[in-house]
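Peer 1: In case you want the letters, here they are:
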Amino acid sequence: MSLRIVVCVKYVPDATGDRKFADDLTVDRDDVDGLLSELDEYAVEQALQIAEEADDAEVTVLTVGPEDAKDALRKALSMGADKAVHVEDDDLHGSDVMATSLVLAKAIEKTGYDVVIAGMASTDGTMGVLPAILAERLGVPQVTLLSEVKIEDGKVTGRRDGDTASEQLEAALPAVVSVTDQSGEARYPSFKGIMAAKKKPVESLELDDLDIDADEVGLEGSWTRVDSAAERPARTAGTIVKDEGEGGKQLAEFLASQKFI
Amino acid sequence: MAEILVYVDHVDGAVRKPTLELLTLARRLGEPVAVALGNGAADTAAALAEHGAVKVLTADAPEFAEYLVVPKVDALQAAYDAVSPAAVLVPSSAEGKEIAARLAVRIGSGVITDAVDIEAGDEGPVATQAAFAASFTTKSRVSKGTPVITVKPNSAPVEAAPAAGAVEALAVSFGPLATGTKVTARTPRESTGRPELTEAAIVVSGGRGVNGAENFAIIEALADSLGAAVGASRAAVDAGWYPHSNQVGQTGKSVSPQLYIASGISGAIQHRAGMQTSKTIVAINKDAEAPIFDLVDYGVVGDLFDVVPQLTAEVQARKG
Numbered sequence: 001m002s003l004r005i006v007v008c009v010k011y012v013p014d015a016t017g018d019r020k021f022a023d024d025l026t027v028d029r030d031d032v033d034g035l036l037s038e039l040d041e042y043a044v045e046q047a048l049q050i051a052e053e054a055d056d057a058e059v060t061v062l063t064v065g066p067e068d069a070k071d072a073l074r075k076a077l078s079m080g081a082d083k084a085v086h087v088e089d090d091d092l093h094g095s096d097v098m099a100t101s102l103v104l105a106k107a108i109e110k111t112g113y114d115v116v117i118a119g120m121a122s123t124d125g126t127m128g129v130l131p132a133i134l135a136e137r138l139g140v141p142q143v144t145l146l147s148e149v150k151i152e153d154g155k156v157t158g159r160r161d162g163d164t165a166s167e168q169l170e171a172a173l174p175a176v177v178s179v180t181d182q183s184g185e186a187r188y189p190s191f192k193g194i195m196a197a198k199k200k201p202v203e204s205l206e207l208d209d210l211d212i213d214a215d216e217v218g219l220e221g222s223w224t225r226v227d228s229a230a231e232r233p234a235r236t237a238g239t240i241v242k243d244e245g246e247g248g249k250q251l252a253e254f255l256a257s258q259k260f261i
Numbered sequence: 001m002a003e004i005l006v007y008v009d010h011v012d013g014a015v016r017k018p019t020l021e022l023l024t025l026a027r028r029l030g031e032p033v034a035v036a037l038g039n040g041a042a043d044t045a046a047a048l049a050e051h052g053a054v055k056v057l058t059a060d061a062p063e064f065a066e067y068l069v070v071p072k073v074d075a076l077q078a079a080y081d082a083v084s085p086a087a088v089l090v091p092s093s094a095e096g097k098e099i100a101a102r103l104a105v106r107i108g109s110g111v112i113t114d115a116v117d118i119e120a121g122d123e124g125p126v127a128t129q130a131a132f133a134a135s136f137t138t139k140s141r142v143s144k145g146t147p148v149i150t151v152k153p154n155s156a157p158v159e160a161a162p163a164a165g166a167v168e169a170l171a172v173s174f175g176p177l178a179t180g181t182k183v184t185a186r187t188p189r190e191s192t193g194r195p196e197l198t199e200a201a202i203v204v205s206g207g208r209g210v211n212g213a214e215n216f217a218i219i220e221a222l223a224d225s226l227g228a229a230v231g232a233s234r235a236a237v238d239a240g241w242y243p244h245s246n247q248v249g250q251t252g253k254s255v256s257p258q259l260y261i262a263s264g265i266s267g268a269i270q271h272r273a274g275m276q277t278s279k280t281i282v283a284i285n286k287d288a289e290a291p292i293f294d295l296v297d298y299g300v301v302g303d304l305f306d307v308v309p310q311l312t313a314e315v316q317a318r319k320g
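Protein chains in written order, with UniProt numbering: chain A, 1 to 261; chain B, 1 to 320.
Chain A with its partners taken away, still in its complex shape (with noise of 0.2 Å):
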C-alpha cells in the first residue's frame, strides 16, 4: 500500500522585504513579495527523500491561505511533490495559529494521510507549535524537531536536538513530524520539475468542504486577539570607533560605562 505524505506548507512575507502590519492588525500581504517559506522547504525535501525510499509514495503539499499561496504550492510541486491542496476561503483572513491548525487538520484527514511532516516554525510568526498542535487534534504521535528522519516499517524514527540532550525518538505511523533546518539542504527546483509542475493537480477546498463553520476561523473565530502593533522607533544612532589600535580598550571602556564589567 502508498505511504500517503502531507506535507504543511506556508505562504510567507518575504523576510528581506519591509514586512508591516495592515490596518486590522493582520499580516499586510500587499506591499511585499510573498513565498513558501524557507523552514517548510526542508519538510518537502524529507518528504520527497522518504518518498524515494520507499517503494510506492505520494507527496501531497497543503497550505491554507490567500490565492497569491498557490505560489508555495507551485515551488513544492516544482520540487517533487504529487500533488497540492489548497484551502482557500475570504473567511479565512486574520486566523491565528488554533483556527489555522483546525483547518489543516480537517483538511488532512480529508486527503488521507500516513505522516504529515512540517516545517520546525514559520518565519513570520514563529512559534513553532503547529506540528504539536496538529499531532493533539490529529490523535497521532508528534515526533517533532528532528534534525534526522527515517520512515521504514510502518514506524517513523528521528533525532531531536535539545538544549539538554540529544534524543533518538520512535513513533507507529499515522504521526505527525517536523523537521529542522539541520535535516538536510532543500533541492533547487530543476528546469523539468518547474514545467512538470504546472500539470500537476492542485485541489481547491473552501471552509463548507471540510465542514468548518465561518465563525470558526478568521479575526472573529481565532483564539488570540492583537490589540496593537507599533513600529519599533529606530534605534538611536550609536557610536562607532574606527580601531586605530586601542578599539578593544575603548570597547572596554564603553562595556565599564554600561556596568558590563
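Since the hints were made in silico from the structure, they are not lab data.
The reader is advised that the hints may include incorrect statements.
Pulled from the structure, derived: some chain A residues nowhere near chain B, Cβ distances all over 12 Å [to be verified]: (1) P66; (2) K106; (3) G112; (4) R159; (5) D181; (6) W223; (7) R235; (8) K259.
For lysine to aspartate or glutamate, the following EDC-like pairs were computed, each having C-alpha atoms within a straight-line distance of at most 20 Å [said to hold, decoys possible]: (9) B:K286 / A:E244; (10) B:K253 / A:E148; (11) B:K253 / A:D161; (12) B:K144 / A:E216; (13) A:K242 / B:D297; (14) A:K83 / A:E244; (15) A:K242 / B:D287.
Only some residues are given here: those of chain A computed to face chain B with a beta carbon under 8 Å [as the list claims (entries may be wrong)]: (16) H93; (17) L145; (18) V226.
Ideal Cβ positions, reconstructed from N, Cα and C, are used throughout, including at glycine.
Go by the hints and put chain B onto chain A.
Peer 2: Relative to chain A, chain B alone:
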C-alpha cells in the same frame, strides 16, 4: 486571589532561571502555583517558594522521561483541572511551547508564544511580543478560554518574594497518547560550563569574519571573561566552525540578552531576527558598511583578531 499556573523548567530539581522570571510575571497576575514534573520535582520547592510560589504541585513517573512531551501535557492538564487558574505560564523553550500549545487545544484556549512581557489587563493578561525580526512590538491577549502564554528568557527580573511553597503531590493519569512517541535513547549535551545560550545575560557571537573553527577560541575567551554564552551566525555554523546548537538567527535560536556582542557578523536579516531584541548591542567588524552597525549601541570598525583579544585582556584586567 486568582491562581496562576507556572510550568517549571528544571534539571533534576535545579530550577532554570526562566522559570524564576516567570514567577515575577505571574505575581503581577495573581498567586503563582508551580507545577514541577519528573526526576527531582520535589527538590524544586525551596527555590520556587523563595520566588513567590504559594504552592508547588509535583509529580514523577517514568513516562516523563521515556516518552516525548505528551505525558507532561497530561500532568499540566491535571494541574489545570485541580487549580482552575486564571492563566497558565510556560517558559518559551522548544518543549515548553509544545506543551503549552497542546494544553491550550485541550482546554479550549488560545495560546500566545514568546511573550517578552506580560501585564494585567481589563480583559485578562496582555502579552507583549516582538514581531518581524523585532521591527514591530505587538500587544495581544487570549480571547477564548484561559490564557496560555509562553515567555522568552530574560523577559523579567528574578525577584525574591518568599511564599509558602507548600508541596502537594499531583495525581496524574496518562492518556492513550502519552506513550505515542518513545524516547529510545538520550545523550546529554556535554556541558561547556558556559550559560545556556537562550538564557544568558551576555552573548558573544562570531560569524564569517572569525574565519575558521580554531579561531572561535578567541570568541570563547571573550565569552569566558564576561561569563557569557557563545553564539554563532548561520555562516559560521554552515561552514562547520561551531555547532548548530549555538546558532543565533531565524533558523537558529532567538536570544534576548542584556548585552550582545557580534564579532565578524555582517548582520543579515536572518541573523537580526534572532538577536534584535537584545538590550545593548555591540559589534566588531572590518567592514564599516556592515548592516549590523545600524543596530549597535557601540561599534568598532576593525579587525576582530586585534580588537577581541585586546577587549578580553582589558575585561580580565578590570576584573582583577
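Peer 1: The structure should be examined with respect to each hint, and the outcome stated for every one.
Peer 2: To see whether the hints hold, each was checked on the structure:
{"no.": "1", "hint": "P66", "result": "holds (19 Å)"}
{"no.": "2", "hint": "K106", "result": "holds (14 Å)"}
{"no.": "3", "hint": "G112", "result": "holds (20 Å)"}
{"no.": "4", "hint": "R159", "result": "violated (9 Å)"}
{"no.": "5", "hint": "D181", "result": "violated (4 Å)"}
{"no.": "6", "hint": "W223", "result": "violated (3 Å)"}
{"no.": "7", "hint": "R235", "result": "violated (6 Å)"}
{"no.": "8", "hint": "K259", "result": "violated (10 Å)"}
{"no.": "9", "hint": "B:K286 / A:E244", "result": "holds (12 Å)"}
{"no.": "10", "hint": "B:K253 / A:E148", "result": "holds (18 Å)"}
{"no.": "11", "hint": "B:K253 / A:D161", "result": "holds (12 Å)"}
{"no.": "12", "hint": "B:K144 / A:E216", "result": "holds (11 Å)"}
{"no.": "13", "hint": "A:K242 / B:D297", "result": "holds (14 Å)"}
{"no.": "14", "hint": "A:K83 / A:E244", "result": "violated (60 Å)"}
{"no.": "15", "hint": "A:K242 / B:D287", "result": "holds (10 Å)"}
{"no.": "16", "hint": "H93", "result": "violated (16 Å)"}
{"no.": "17", "hint": "L145", "result": "holds (6 Å)"}
{"no.": "18", "hint": "V226", "result": "holds (5 Å)"}
When held up to the earlier numbered hints, the structure conflicts with 4, 5, 6, 7, 8, 14, 16 and fits the remainder.
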